[in-house]
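As you go down the protein sequences, you meet chains R and D in turn.
Numbers given in this note's numbering equal positions in the first sequence, counted from 1, plus 227.
Numbers given in this note's numbering equal positions in the second sequence, counted from 1, plus 578.
None of these hints come from the bench; they were simulated from the model.
Idealized CB from N, CA, C, for every residue including glycine.
Any given hint could be a false lead.
[Stated by the list, open to error] Computed cross-link-like contacts, DSBU-like style, restricted to lysine-lysine with a CA-CA straight-line distance of at most 30 Å:
#, chain 1, residue 1, chain 2, residue 2
1, R, 586, D, 897
2, R, 693, D, 792
3, D, 694, D, 897
4, D, 637, R, 419
5, D, 897, R, 693
6, D, 729, R, 711
7, R, 674, R, 488
8, D, 761, R, 383
9, D, 761, R, 586
10, D, 637, R, 422
[Stated by the list, open to error] So, partial list: chain R residues that the calculated Cβ filter (under 10 Å) puts toward chain D:
#, residue
11, 234
12, 242
13, 378
14, 384
15, 389
16, 543
17, 823
Letter by letter, the chains look like this.
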Amino acid sequence: MSDLNTHQFHFTIGPVQGFVAQARRTRDFWAGSFILSWLAGCAMVATRNQGGEIQFPAPDEDFINAIKNGQSGPTQGTLPNRFKALVDAEFNPQHVIQQMNQAWLTLAEKVYQADIADKANPKTREIWQRQVEGFFEVSWVMTEADDNRPLLDMRKNWRHHFPHTESGHKCSLMEGWQELSGIEGFYASDNKKRKNFWQAIQSKIGTRDLIENEALCALSFIKRRFAYHFEQVKLVGFNGWKLEPRNVPSVALLAAMPVLKSIQPSPELEKFKQAWSEAGGQKGETKSLPKALRTKTDLGLDGIAWFSNTYENPTSYGLNKEKIPTAKQALTALYQSQNLKEPSPFYAILMMDGDSLGKQMSDPSKQPLITAGLNKFTSGVKEVVDQHDGFLIYAGGDDVLAILTLETALDCAVALRQSYIDSFLNLTGHEQLTTSISAAIIYAHIKTPLSKILHDSHHVLDEAAKDQAGRDALAVQVVKQSGKHLLWAQPWQQAFDEQGALKIEKLAKQFAGQSTAQQLDGDALEASTKFFYGIREYFNRLIDAKKPFNQDDAQLIGDLLAVDYIKSGVNNVKEIEIAKQRIQPLLAQCTPHKRNDEVSVNRLAQAEISVIGAPQIDGALLVRFLAFHGRDIRGQNQ
Amino acid sequence: MSQTVTWRFTPLDTWFFKQALAPDSLAAQELTSLFPPSPRTLIGALRAAVGEAHQVDWKAYREGQQPQIAEKIGAPNEALPPNTQFSGVAIRRNGQGYYPMPLNWLAIPAQQGQPKGYQLYKLLPDTSPIHCDLGHVCLPAVPKDAEKGAKPLEHTYISSKAWAQLQTCLQTSAFIAETECLKRDDLFKSEPRLGIARNNKTRKTEDGQLYQTKHLRLAQGISLEIDSQGWAVESHLNTVMLGGEGRLAQLTQHHTEIAQPITLPNQAKGLILTLTSPAHFQQGWIPDGFSQTERNGQTLWQGQINGVELTLICAVIGKAHREGGWNLAQHQSRGVESLVPAGSAYYFEVNQNDINQAWSALQNHAIGQDTVIGRGQFNLAVY
Chain R
228 MSDLNTHQFH FTIGPVQGFV AQARRTRDFW AGSFILSWLA GCAMVATRNQ
278 GGEIQFPAPD EDFINAIKNG QSGPTQGTLP NRFKALVDAE FNPQHVIQQM
328 NQAWLTLAEK VYQADIADKA NPKTREIWQR QVEGFFEVSW VMTEADDNRP
378 LLDMRKNWRH HFPHTESGHK CSLMEGWQEL SGIEGFYASD NKKRKNFWQA
428 IQSKIGTRDL IENEALCALS FIKRRFAYHF EQVKLVGFNG WKLEPRNVPS
478 VALLAAMPVL KSIQPSPELE KFKQAWSEAG GQKGETKSLP KALRTKTDLG
528 LDGIAWFSNT YENPTSYGLN KEKIPTAKQA LTALYQSQNL KEPSPFYAIL
578 MMDGDSLGKQ MSDPSKQPLI TAGLNKFTSG VKEVVDQHDG FLIYAGGDDV
628 LAILTLETAL DCAVALRQSY IDSFLNLTGH EQLTTSISAA IIYAHIKTPL
678 SKILHDSHHV LDEAAKDQAG RDALAVQVVK QSGKHLLWAQ PWQQAFDEQG
728 ALKIEKLAKQ FAGQSTAQQL DGDALEASTK FFYGIREYFN RLIDAKKPFN
778 QDDAQLIGDL LAVDYIKSGV NNVKEIEIAK QRIQPLLAQC TPHKRNDEVS
828 VNRLAQAEIS VIGAPQIDGA LLVRFLAFHG RDIRGQNQ
Chain D
579 MSQTVTWRFT PLDTWFFKQA LAPDSLAAQE LTSLFPPSPR TLIGALRAAV
629 GEAHQVDWKA YREGQQPQIA EKIGAPNEAL PPNTQFSGVA IRRNGQGYYP
679 MPLNWLAIPA QQGQPKGYQL YKLLPDTSPI HCDLGHVCLP AVPKDAEKGA
729 KPLEHTYISS KAWAQLQTCL QTSAFIAETE CLKRDDLFKS EPRLGIARNN
779 KTRKTEDGQL YQTKHLRLAQ GISLEIDSQG WAVESHLNTV MLGGEGRLAQ
829 LTQHHTEIAQ PITLPNQAKG LILTLTSPAH FQQGWIPDGF SQTERNGQTL
879 WQGQINGVEL TLICAVIGKA HREGGWNLAQ HQSRGVESLV PAGSAYYFEV
929 NQNDINQAWS ALQNHAIGQD TVIGRGQFNL AVY
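From just these sequences and the hints, can you work out the full model?
In structure tokens:
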């Protein structure tokens, strides 16, 4: 630290949720996160240009160097939307804001000139300027370096950003923002003019980036198109670099990934690819596939190609009605020839967040430790996500956001948790810290609106994993087309068995018949689906939500379920005590627990875990969901 | 002074108050419902019901050919009955009124073994100004003895009884029981729906017109209210169509109870004005008529409300509440405006008048634009 840097400067830019989570596609989602990271990085560079030292978090220097030098750089956002720097007394925060704004306005202008300008009317330009200039909310605080008050939190209690009034027809993606045609009426003639405006844009940029009837505001349009023009941003010391706009997998491609991994090159595959192409189907995000798949064979078709449901409604996907039966037959033949099932239509969003870090950061002595630990953790996240066939949207500070397949999400969460713990364990003084991390996984159907899933994921993490389970916890939600199917949460400590495997996954494997009782040390749970539905019946009938649930109630339910387990007829168990032992792990995962003490991981064994309510069906539903990969009992997609 | 009438809307079906997203979103977006709805939504439903009761010909009315109807419900382009003041929208459960949780009280759930509820801590202007993008201001600070982890109670309403307790509280902490709170889950459940748009001319559906909505099914005992003053409605209104997709509501009229005046506690240093309905100011978060000034290096804002000179020293302001709607008469959407959300709190020093006079003069007043439809209503508290 320079002796001249006697002051601290705190910076934050938002809205994060308002910009990132309002997304129709994974690419919108990734773009929002990336742009916010880049802007935070521009602010960091501008802070350093005035002699400031970024103190927390330690920035990803690859990202910072890319901003300074252009040429090449990361493809994921890795810089958080807030940071703290040490600066001298003459430091001018306004210069930081001005330079960051200049970078944003330049990026926006590149997109406008390339994609919109020659189709725009005067109103379009007015809307564009208003939205681009008035969208981001930036706050900063500067005081003496030894001021230990939670300055940015205090500042954020006083919101000051009130965007301009937005009239007319609204954006299809971001709530409350006017679309760019500027045609305000809703009569048929207005609708036609508006359609013509967007068709002209679509003919220029292609149907891949603008589907029929989409009408976007400036902010949504920038998210959709910035990757094509980012490389052109060249300011002194603030640059963009080459991005591959199509390297973000769609949710359909992620859902299909487990099956794609098993597809072998064959005449049937070639025939299907040909038929898909003739039906007007598009190529997909080839570069987003895991390396192993990319080199094995060309499977980079649009993700929807792998689902039979797509062929029932060809016009919605711009496919040729006449050619579609041939494509569907070719797909069925491909699956049959390789003895494969159609992929499950579920994918996963993983969101993780370190526990109580904000509180600990208020203690200056802990700050260097936290910075070092997080730096180590963040640098390894992408590799872990890649290993699990996922796509990392963002990893910065203690936050992780990734899209994964149904089959790999839980394992990826476990691996990242271990990586988080390991990142701190070798640091001297780590025992002063609470180094735990909570995770939320949302398994969602590919047809569920993405913005809804992203919105839900924050609630699942904050309310289920952190508040309800007491942090250092895992929460899982399943969202089907019909809505929320289940929400389950347990402290990690309760979720793991002695070998460090997730009990819920083990139960799912047992239920799916992938293991035998002998292989699993005699505690396997083989039971019929009817037995699982019986659990719901018992819970509904025997648990009175208005009364406290006690040990007698638990015993009664355990006894009744044990009898049903024997009666289910798919296992050889005859003795009630053995049956009770077999169903106990399932009942334990159905019973909500909470950590009552915040302790560091190396004292985790001392954390007090207590039962906080009656058993709930969600644990059993999750076992069943994982066992059948979201399909129904006949193995059909729902 | 004319009588205040309370209009109570009780659901007979699910309700849907559409967010400001394009309706042709191809089912890739789910159109969610706002809650509570804008006062314009309730006022519009009332005006439509009165018009129907007088057998209005809506086309003739829009063309200005039914002046007798316009006298009762207002002209098509005015959207308000003449000489009428509205206030609300208020939430009631089984007759009990609820207010948005003040944002300047942070909460932490009571620990196990204690009565169920929330320990609250009041944010107060910090003792020394901080250099930030607002100037050199005294930012709102958590009291030193507050438990760690206290945070705003989002999407929560508290009973008028709990509110009265907070209004006169000079302490920096308070406890409210869970039974005095209404959380979002206590108010309604969401119901996803799938709809398909229809061409009214051909009465047929077309490809690509599917849409998803999320309706609200209000909990038993929950109703919405809006008060009107100066509006003489002779017609008996029983049911009205409310919000998107014209869902039914039962309408009943009540006479408003006059709230008991609250006595200002001794030793109060200043006043806290807490919004109970969103406020619309011309300068974003700054109350109309207030301008920035400096005093001993501290940034302040000075102005007056209802003739009372006030100095704004600190504020707790929530994220902008964005509200639009549909202008039926002009057949286009209203501009989505940024409003200061209900629950936001302004901390004032009182200049010339003593604090008792200010307390009295500011009762039952509203601030900002569009107060005639109930914007900018507030309750007073002290610090």
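For a quick check of understanding: which of the numbered hints are violated here, in increasing order? none
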